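Undergrad: Protein chains in written order, with my numbering: chain A, 1 to 418; chain B, 1001 to 1083.
Think of the hints as simulated: they come from the structure by calculation, not from any bench.
Among these hints, one or two may not hold up.
Derived pair list, reagent style DMTMM-like, types lysine to aspartate or glutamate, alpha-carbon separation capped at 25 Å [what the hints assert, rightly or not]:
| hint | chain 1 | residue 1 | chain 2 | residue 2 |
| --- | --- | --- | --- | --- |
| 1 | A | K66 | B | D1076 |
| 2 | B | K1050 | A | E270 |
| 3 | A | K66 | B | E1077 |
| 4 | A | K291 | A | E270 |
| 5 | B | K1050 | A | E224 |
| 6 | A | K66 | B | D1072 |
| 7 | B | K1050 | A | E205 |
A few chain A positions that, by computed beta-carbon distances, are all more than 10 Å from chain B [to be verified]:
| hint | residue |
| --- | --- |
| 8 | R23 |
| 9 | K66 |
| 10 | W68 |
| 11 | V129 |
| 12 | T131 |
| 13 | S164 |
| 14 | R253 |
| 15 | P255 |
| 16 | T307 |
| 17 | R309 |
| 18 | P327 |
| 19 | A330 |
| 20 | A332 |
Bear in mind the structure is a predicted one, so any value in this text is a computation, not a measurement.
Just so it is clear, CB atoms sit at the ideal spot from N, CA and C, and this is done for glycine as well.
Residues per chain, in single letters:
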Amino acid sequence: MEGPYAYASTAVKADWMSGGSARYWRAAEPKSGYDVVVVGAGGHGLATAYYLAQNHGITDVAVIEKGWLGGGNMARNTTVIRSNYLWDESAAIYEHSLKLWEGLEEALDFDIQFSQRGVLNLAHDLGDVRTSMRRVHANRLNGIDAEWLDPSQVKEFCPIVNVSPGARYPVLGATLQRRGGVARHDKVAWAFARGADRHGVDIVEHCEVTGFVRGDGGRVAGVETTRGTIHANTVALAAAGHTSVLASMAGLRLPLQSHPLQALVSVLLEPVLGCVVMSNAVHVYVSQADKGELVMGAGIDAHNSYTQRGAFHIIEHQMAAAIELFPVFAHARLLRTWGGIVDVCPDASPIIGLTPVDGLLINCGWGTGGFKATPGSGWVYADTIANGRPHPLAEPYALERFTTGALIDEHGAAAVAH
Amino acid sequence: MLLIPCPWCGPRDEAEFRYGGQAGLSYPSDPEALSDEQWGDYLFMRDNPKGDFAERWMHAAGCRRWFDVVRDTSSDEIRGGSG
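Construct the complete structure from the given sequences, taking the supplied hints into account.
TA: Next comes the structure, spelled out in structure tokens:
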């Protein structure tokens, strides 16, 4: 797993062993003003700041964060990366993101443990088979690698999946995206933070937004925070589950609902699972971390909540399905579960771009699947901020689609296991 | 897991219920009169507060009746309910 990068795993480990003296970013004090203030130091916010500096030369930027860097959904997701979405708009932005992932370790000079081990999406009934095959064809038309595997090929690719016809969830086949995989989420946050910091971006943790500074004509001209007033020409939200709370401070209503989304890991095991397996129908998605834990995601809890806690019956339901699909998992023990707060849009697609409030931009609604989009989202958001108009890949994701009706309905490809 | 006060059956486990989202929404009385923006609002916009939220639940594994509760979404504490 070692790459030829300055901050390879061994360097990170050696630094921790020696008491953690190296810093990937400065602990900046907020200045009185910036050109751009990005709210939220998760993956999307940090990537946005990095690309603002790297691609657009905009370095008078602060990323402010109410908690600690990468401590929200960036630390809570199940790290799946893929681009096999159905619709052209989704294929374009997620494939853009996947291509960036493929060069990210070199670009950021940081080992993020990016591993293209392949993503299987299982089909359990004829409806699944038809929509899966349709998605394979749609992906290929969009230049995205996609294959259809029959049950014996599924078994060959992932020997521990139960493909017996008598299974409760029979495996009738699966789509495979070989370029899909995983990356170590914390390291992705650190890598973008380090890259942004090196361009002079201020990263200000423990700095919560409590309101907006309003300028001429009501435009947003900065933020009020727990660490004082910070003026800005542009305020760009990248706050995931708390976007509605922030937007409401600016009088902006968004078509978002915030839900708990849970995930869990098993104890450390010998390598048993060499790919990512997802099953939308039974709400299981699983991979094995390099360290050995099985990493599994559940479906969202149905109710709105900001508690970062979900109900145990969701976990129970998911485990029942996982053990049906992978009988060998019955030997595994649960190590821990946790929850994040995801902001879900009615069409399971994000909202990126300008808002009716001048000076305020949004990038939200990534719901259950934002991690894979981290570099692509940051790239198009930075371009949108820098130019004051949507990046071409972000155009279809404008807030206006909820008035025009031009939704990007990705419930099929995204579903719960985004 | 939430303990939800069904007004008919008493407090029961969340697993017995189906969620219905924001309470108090009604179908527009004259849909033809709405602008695209108003219709989009009706279809897609829901409150998403961090704090008290009036919401619908249906006791799917019990009496199968719908009712409203007020729950604090920052703590999941249920403050009250009504049929």
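Undergrad: Determine for every hint whether it applies to the structure shown.
TA: Do the hints match the structure? See the list:
1. A:K66 x B:D1076: Given pair K66 (chain A), D1076 (chain B) holds - Cα atoms ~21 Å apart, limit 25 Å.
2. B:K1050 x A:E270: Outside the cut-off at roughly 42 Å; violated.
3. A:K66 x B:E1077: holds (24 Å)
4. A:K291 x A:E270: holds (9 Å)
5. B:K1050 x A:E224: Holds: K1050 (chain B) and E224 (chain A) sit about 19 Å apart, inside 25 Å.
6. A:K66 x B:D1072: holds (21 Å)
7. B:K1050 x A:E205: OK: K1050 (chain B) and E205 (chain A) at ~22 Å, within 25 Å.
8. R23: The claim stands: R23 (chain A) keeps its Cβ more than 10 Å from every Cβ of chain B (closest is about 33 Å).
9. K66: The assertion about K66 (chain A) holds, with a minimum of 12 Å to chain B.
10. W68: holds (20 Å)
11. V129: holds (29 Å)
12. T131: Holds: least Cβ distance 24 Å, greater than 10 Å.
13. S164: Given a closest Cβ separation of 29 Å, the condition holds.
14. R253: violated (6 Å)
15. P255: violated (4 Å)
16. T307: violated (5 Å)
17. R309: Violated: least Cβ distance 7 Å, not greater than 10 Å.
18. P327: holds (25 Å)
19. A330: holds (22 Å)
20. A332: Its Cβ never comes within 10 Å of chain B, the nearest being 23 Å, so this holds.
The structure fails hints 2, 14, 15, 16 and 17 (numbered hints given earlier, in ascending order).
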